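The listed protein sequences correspond, in order, to chains A and B. So the first sequence is numbered by our numbering: it starts at 1 and just counts up by one. So the second sequence is numbered by our numbering: it starts at 1001 and just counts up by one.
Calculated from the structure, these hints are not laboratory results. Predicted model only: the values in this text are computed from it and were never measured. Ideal placement from N, C-alpha and C gives every residue a C-beta, glycine not left out. Check the hints yourself; a few may be wrong.
[To be verified] Using C-beta positions, here's what the derived DEER-type ranges look like:
1. K1073/B x E319/A: 41 to 49 Å
2. T397/A x K1073/B: 54 to 62 Å
3. E193/A x R1075/B: 25 to 33 Å
4. I1045/B x M212/A: 58 to 66 Å
5. E319/A x K1111/B: 19 to 27 Å
6. R1075/B x M212/A: 17 to 25 Å
7. Q455/A x G1026/B: 54 to 62 Å
8. D1108/B x I364/A: 44 to 52 Å
[To be verified] The calculated SDA-like cross-link candidates involving lysine to any residue, where the alpha carbons are at most 20 Å apart (straight line), are:
9. K1111/B x T69/A
10. K621/A x S639/A
11. K1111/B x E239/A
12. K1109/B x K657/A
13. K1111/B x M3/A
14. K377/A x S453/A
15. K1111/B x L194/A
16. K1109/B x K377/A
17. K1111/B x A190/A
18. K1111/B x E183/A
19. K411/A x R457/A
20. K1111/B x E242/A
21. K1111/B x A192/A
22. K621/A x L583/A
23. K1109/B x A190/A
24. K1111/B x R189/A
25. K1109/B x E239/A
26. K1109/B x S453/A
27. K657/A x D677/A
28. K1111/B x A1021/B
29. K411/A x E239/A
30. K1109/B x R457/A
31. K87/A x T69/A
32. K1111/B x D233/A
33. K1111/B x F55/A
34. K1109/B x E1024/B
35. K1109/B x G56/A
36. K1111/B x S1002/B
[Stated by the list, open to error] Computed footprint of chain A on chain B, listed as stretches where at least three residues anywhere in the stretch have a Cβ under 8 Å from a Cβ of chain A:
37. 1006-1019
38. 1038-1046
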Amino acid sequence: MSMDDLRVTFFQECEELLEALEFGLLEINEGGGDDDTLNAVFRAVHSIKGGAGAFGLDDLVRFAHKFETTLDEVRAGRLENAPAVLKTFLRSSDILADLVRAAQEGTEVPPGPVEEVLAELETHLPTEEAAEDEEEDDFQPLGLDFDFDLGGDDDDAGPPVSGPDVWTIAFKPRRTLYERGNETVLLFRALAELGELSVTCDESALPALDAMEPGEAYLGWTARLATEAEEGDIREIFEFVEDDCDLTIALAAPEAEAEPEPTPEPVEIEPLAALEAEAPPAEPEPAAEPEPARAEAVAPKAKAEAPKATVRVELDRVERLINLVGELVINQSVLSQQVFDAGIAANSEVATTIDVFKQLTRDIQEGVMAIRAQPVKSLFQRMSRIVREASGATGKTVRLVTEGENTEVDKTVVERLSDPLTHMIRNSVDHGLESPEKREAAGKPAEGIVHLSAQHRSGRVVIEITDDGAGIDRPRVRQIAVEKGLIAEDAVLSDSEIDNLLFMPGFSTASEVSNLSGRGVGMDVVKRAIQSLGGRISIVSEPGKGSTFTISLPLTLAVLDGIVVEIGEETTVIPLTNVVETLKPTAEQLHSMGNGARVVRVRGDFVPVVDVGYELGFRDKAEGLDDKVVLLTESEGGSRSALVIDAIQDQRQVVIKGLQDNYGTVHGVAAATILGDGRIALILDVDSLVASATKTKTDPDHSLAMAG
Amino acid sequence: MSLKILAVDDSRTMRILIQSALSEAGFEVDVAEDGVHGLEVLGGIAPDVIITDINMPRMDGFGFIEAVRATEKNRTTPILTLTTESAPEMKARARNAGATGWIVKPFDKEKLVSVIRRVAA
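Make the full structure from the sequences, and use the hints.
Printed below as a string of structure tokens:
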């Protein structure tokens, strides 16, 4: 695996860890969570730090380290989980996420907020911990510490000696050395790699065979090593065992080969003796004591629920599979069509098998789609950060309430929803909610609430963002629209039409650009983003009570249920989700308005008529509706229209083939599909069709169209 | 014969990092995600050296080392702890649990390999 692949893996893991981190912190923040939660939070930061270290991401390591240290204080029970501390942690997790992203994109995070939060973390640390921490901030592999000793030795040796130094190493292992899996012979083997080694063994402590205990260490060794290596290199070999043995390492006098008895220089022994004196307390004799304590700690952890087994698959493979299943669906309908054309009876065995085949295809398709489905939870979690930031920037106290986090949507949809949702949440806090003073004056609690929910509704996902703010200031919106030349001064607009002005390009309600929402992105961009996902957005607002933005999205971007209809010579598909009912209106139900507009009366309501064939230029305008069929459709905003078509052929699932790449956005057409007989049919975009039809026809009377 | 290593770490990145570093050096590497998983994996293999992280869910490194030391089969198998905790008390705890040595993250490949060779019989 290359370093680049590893980076990808690391950042993927970071995403998950950050999610777990935020989730854990929020759980604790809401009063839930136990030790396991805290441990998980700690581990998340810890793992990010570990990985970041491996990639040399120093900024990230530095921050994660401080974060981790503070978390550890809480874990160790030295720091209480007070709201102020938690707030710092939440901010820290935001900064950590920023740093991760910056590292991923190779950009810089402005140092201001980072230092600010670091300082904030610092305030929660006891002073000596903080000081100690400074020292430890740079993670260096241990080996480096030893290089200092040389200075002194060189002084002794006078000018740098040419040729190898000769070291005397006295080594007497204790039994713990072997118990921990170390091995004397390996140590000497490593020493031998440094230079010329001769070893003598001291067997004097060896008892008689019958008194010998197998696990005990009886032997000691004295080694002479002639090497170019430095003392640090030698010490490093004994790094793991120095507390499990008696060890002296000393430079034999240069050219002192004649000296057979190793008399270590006193200068060297002293610090070592001091070290030894420290060693015994660290000796792990009371093995019985820590064991039960730790066993306790382990047991509850083992009980924690095991994560569901998962498989990681490259997205490309899933895409390929989805494409193939799409082809399978088409192939299946071609087969059905051919069987039908061959005149085989519907109750024949072939027909029954085809039906089963159809069902299986559908099941496979659903199964494949489910692979790409993802709960919106991660998305919603990100929004809680947005709310925190926005409330910090505006000085408003805001609570985000989320609902339906486990609602699943296609992965692409979840990803591409992030930006528009972020913008809308910011808007809700910035423009939607009033300041605490104003809220209190209006008799509302000072804390504003932004409600974010997701749910499945008739084959689509509906996401709602509701604030309990002042609602849309319609006179002001209208005035701005007039000022910006978006509407005529004397235009007569319904409330909902005024609200929809927010989605017009070039509209921004904030009179001065606030540092929050005013980032050059308007609601028109949000709307376009939602539309590009095959979704729709609408707004409902009540003065003094707040506003609700509703986003409705398809579950998947690959297939849809549609009604296959004939219009003129053409076969087209109308998405089933748009259609409320079908009817054949009588002549009495049809009413003509002025300027050529017509309405159909349906159970007391007047619904504007849209002649699809005429609008799309497939045929001339249908005069009567006697030989036509009407599809009653409903848009997200709730307004209804009566689409006039020639005949209904079938209702079936179709695979969406995008047109946008090759043809751009075609008004009234959402995409195309391939039918069972191999012909291509356009999939209509009902909303845009209705919008353009009613606009062209009823300018002064526009409000009537909405009245339906 | 190449050395067999078991690496236990809850971080996917770390597992891959260790695995690629050690495979490159010609070692055979098995991995596990936490202490509990590590013990499971250990049931089916006989590694020459075990490398384990300390902070892990379900069973941490200390618990894992103790559990490994408690088995007859791996009573003296070298166990290296791989951890960012370079603090002395962490090392002491790891040693008390029965760890052979330690490697401080971030490690460099050569050092990791040389340390493994140093403890491997």
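To see whether the hints hold, each was checked on the structure:
no., hint, verdict
1, K1073/B x E319/A: 41 to 49 Å, "holds, 46 Å"
2, T397/A x K1073/B: 54 to 62 Å, "holds, 60 Å"
3, E193/A x R1075/B: 25 to 33 Å, "holds, 28 Å"
4, I1045/B x M212/A: 58 to 66 Å, "violated, 33 Å"
5, E319/A x K1111/B: 19 to 27 Å, "violated, 41 Å"
6, R1075/B x M212/A: 17 to 25 Å, "holds, 19 Å"
7, Q455/A x G1026/B: 54 to 62 Å, "holds, 55 Å"
8, D1108/B x I364/A: 44 to 52 Å, "holds, 49 Å"
9, K1111/B x T69/A, "violated, 26 Å"
10, K621/A x S639/A, "violated, 23 Å"
11, K1111/B x E239/A, "holds, 13 Å"
12, K1109/B x K657/A, "violated, 49 Å"
13, K1111/B x M3/A, "holds, 18 Å"
14, K377/A x S453/A, "holds, 10 Å"
15, K1111/B x L194/A, "holds, 15 Å"
16, K1109/B x K377/A, "violated, 38 Å"
17, K1111/B x A190/A, "holds, 13 Å"
18, K1111/B x E183/A, "holds, 19 Å"
19, K411/A x R457/A, "holds, 18 Å"
20, K1111/B x E242/A, "holds, 19 Å"
21, K1111/B x A192/A, "holds, 18 Å"
22, K621/A x L583/A, "holds, 19 Å"
23, K1109/B x A190/A, "holds, 18 Å"
24, K1111/B x R189/A, "holds, 17 Å"
25, K1109/B x E239/A, "holds, 18 Å"
26, K1109/B x S453/A, "violated, 48 Å"
27, K657/A x D677/A, "holds, 16 Å"
28, K1111/B x A1021/B, "holds, 11 Å"
29, K411/A x E239/A, "violated, 50 Å"
30, K1109/B x R457/A, "violated, 54 Å"
31, K87/A x T69/A, "holds, 16 Å"
32, K1111/B x D233/A, "holds, 12 Å"
33, K1111/B x F55/A, "holds, 16 Å"
34, K1109/B x E1024/B, "holds, 9 Å"
35, K1109/B x G56/A, "holds, 14 Å"
36, K1111/B x S1002/B, "holds, 18 Å"
37, 1006-1019, "holds (count 7)"
38, 1038-1046, "violated (count 0)"
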